[in-house]
Amino acid sequence: MALDARAASRWLRLASWLAFGFLYLPVAVLVIFSFSASRYSMVWSGFTLQWYAALADNARVLSALMNSLIVAGGAMLISAVLGTAAALGLRRARFSGRGVLAALFYAPVVIPEIVLAIGLLMFFVLVMPVPLGLPSITLAHSVFGVAYVTIVVSARLEGFDAQLEEAAADLGATPWRVFLRVTLPLIWPGVLGGALLAFTLSFDDFVISYFVTGPGTATLPLVIYSMVKRGVTPEINALATLILLVSFAILALSIWLQGRNITAGEKV
Amino acid sequence: MSGHGSKPGTRAVGVLVPPAAWLTLLFLGPLCVVALISLMAPGAPVEWTIDGSAYQRLLDPIYLGVLWRSLSLAVMATVLCLVLGYPLAYYIARRPPRFRRVLFFLVLVPLWTNSLVLIYGWMVMLRPNGAFDQLLQGLGFGGGEPLTILYTPAAVILGLVYWYLPFMVYPLYASIEKLDFRLLEAARDLGAGGLAVLVRVLLPLTLPGIATGCLLVFVEALGAFVVPDLLGGAKSMMLGNLVQQRFLSVPQDWPMGAAAAMLMLALLLVGMLWASRVGGLRRGA
Amino acid sequence: MVRDVSLAIREGEFFSLLGPSGCGKTTLLRLLAGFESPTSGEILLAGSGVQDVPARRRDLNIVFQHYALFPHLSVARNVAFGLEMQKVAGDEIQRRVADALALVRLQGLGARMPRELSGGQQQRVALARALITRPAVLLLDEPLGALDLKLRREMQSELKALQRRLGTTFVYVTHDQEEALAMSDRVGVMHDGQLLQVGAPHEIYDRPVNRFVAAFIGESNFLAAEVTGYDDRDLIVRSAGESLRVRGERIAIGRRVTLALRPERLRIMPAGDSVAVNLLDGRLRECVYLGTGWRCEIELVDGSVMRASLPPQDSGVLSVGSRVMLTFAPPDVAILESDS
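Chains as they are written, first to last, in numbering that gives the first Met the number 0: chain A, 0 to 267; chain B, 0 to 284; chain C, 0 to 339.
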């Protein structure tokens, strides 16, 4: 019996680490070969930084990077403000129909990306005349950004003692000052964590940008896509490595913030 | 004086108005447009005549083939995700809390970072003379001929499993973590073997997570378009590619693309009702 | 839920709202504080209606059950919060925070964070924070509920002394009847959203208006009785086959009433001793020694069981199983209207 259980747990560990290996295998391959001198073969043929150097001279990549930063920054700001408001409102909401409203805020996460993408494309073309390009991409990214920030901040608010806000109001604070002096200081790690998540998701989004972009506007993932379609070059490896590095760093920060506990001892 | 729990909270709910308005405009609005356009007569961008022929065009044998392939690839990807994801979710849920958090987010990170780039990583590996090929050749498979894995349905399934595995692990983890593990010990104590514990206790209790995970992976995989586009060949077209073509390639046919999207939404909705029923039954039991 | 509560709290008094959990006492407190709004009726503070005034502008502060100290602010900043909201000048804030901390005997702890304090200390911070703006009324929601018994006793007398010194009106919510009796000038007993009785502790204890109050505050034995007559001082009632004299206002002959008898007001006498009035025959079923005295159960002839508390020296008659007589003085009985 005991042996049986131990063997099972060994298998479980093996299977899990294999799954982790599966998830991170492409990451390893991209990183390793971004430093490989060989142009065509997958064979390691010496260390080089030439592909990174080539990136620095690639005007298309640099302008796409700029676009991506603008879009991700804009989407992050919208998402952080609206998502935090949504989470605060949903927590206090006691009216019927709250469930429907909550579903509205979570649905963009579940809906297949491509459906949202074509919907937004048609919406911008036929209903709301937003110029296709940076404005349309930013607005489109704010949709899932708001949803993610709402989820992250809501999780943060779960351990939040509403009496703290009552105590502040009781001591004479206006609603706005209650928010600034008590609520925000206690939930800011969640807000910032959610905002950073919205930033990376926007920065890395391909499908929605692909549909709602206009002629001549490309974000970084769109440039990578067209490079990939034209053929495999080690320059993409270098670009991919850099993007993964930045995304990992921001995500790690976001996750650390989400888990950070200001009140110490109230919430894990 | 009389009173009860009528919190002044109803006033504070005003903060919900801007975000709700935003998503109503930019999320529900586009979904309504999809529904509306799917009913229109063919034309690009739009011929404002309702005729519903787009759905009929979807029933053309060519597209039925696409639909069938999408369904079967999505089902296979879902099953593989479950087989791969369940042990992973279980393993993570049984780690000490500190590790649990870190491991769980390690699963989500590939989803949240640039999936396109990661799929490109698979392209590099699966190419003829790529890492996989060389590995398999080295092990004595293939008889000297370069192996073509890239541009086959197998590559598409692999890519789908890769991309959507986190969608499976997330709900599985959530429902396994909530489990009272003493139930498993109780079952063992009552003489159940490993398999019996799994089938009679663990799986039934985590059924809501399994249902949600399968639903998410299935629907998302059905709408995939990057994976079949990059890893699949000409014969691996899926529903997502069909939508993309109808919108961005000539000849455009927005109503038909929209109809295909409506099909995905319908499957999602049916699946969600099913999953919530499964979840509800469990909770009721 | 609170229904049809009409209550006037006097300036400068220590008033307790007492009742089991869920009776509506906290809701009533939250109505006073302004966190809930009444569906009907008025709330007057110093003569003017405040039911439409938001919590932040009401001249009363609340001490929360779990203190609700701001975890991200130091003790001093917590205490200063109300003054900062009133935009009081910085040096005055400093001075008054120091005074407030001294008032609750927390001098020198201003720089600590709330989590670094013990439960009793956190309690004092909450008190200082609520008192610093010198509110007309201080509302306290089970403020001692989270403390252990010994600390609770200490804090009770400290709170009472503080209230006397400051002259601030205290409205104190508790489910602990002993606490309410010990600290309050007056007590309001609540049950099921209704205010059943308001009065000084001895009134509540000695003259409960109904069975709930009699049972919730202290302990009572209940005897069903029927009024059979009266004279100029007492009512004559019939209960458990005996004719009894009880002190009380006249009630129509034939009415059914309930007698409430406190265990410590009952005496036990050997059977056959018939010098006193109000004798009930019974059998001593059980007697345990509690240190402060004896606690006995007596089964009456009709099968009902009475509890009696006796002083430690009264052990002479206590032989379990023997026939005894219960007796009590006419003024020691509360007469309650029968519920059904």
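Please keep in mind that the hints were generated in silico from the structure rather than gathered at the bench.
Each hint should be verified, as a subset may be incorrect.
Claimed, not checked - A few chain A residues facing chain C, derived, Cβ under 7 Å:
| id | residue |
| --- | --- |
| 1 | Leu48 |
| 2 | Gly158 |
| 3 | Ala161 |
| 4 | Gln162 |
| 5 | Glu165 |
| 6 | Ala166 |
| 7 | Ala168 |
| 8 | Asp169 |
| 9 | Leu179 |
| 10 | Val181 |
| 11 | Pro184 |
| 12 | Leu185 |
Said to hold, decoys possible - The following residues of chain A were derived to be distant from chain B, with all beta-carbon distances above 10 Å:
| id | residue |
| --- | --- |
| 13 | Leu29 |
| 14 | Phe34 |
| 15 | Ala53 |
| 16 | Ala55 |
| 17 | Leu64 |
| 18 | Leu138 |
| 19 | Ala139 |
| 20 | Pro188 |
| 21 | Thr216 |
Where a beta carbon is used, it is the ideal one built from N, C-alpha and C, also for glycine.
- Message: Hint by hint, where does the structure go against what was stated? Just the numbers, ascending.
- Response: 1, 2, 3, 9, 13, 18 and 19
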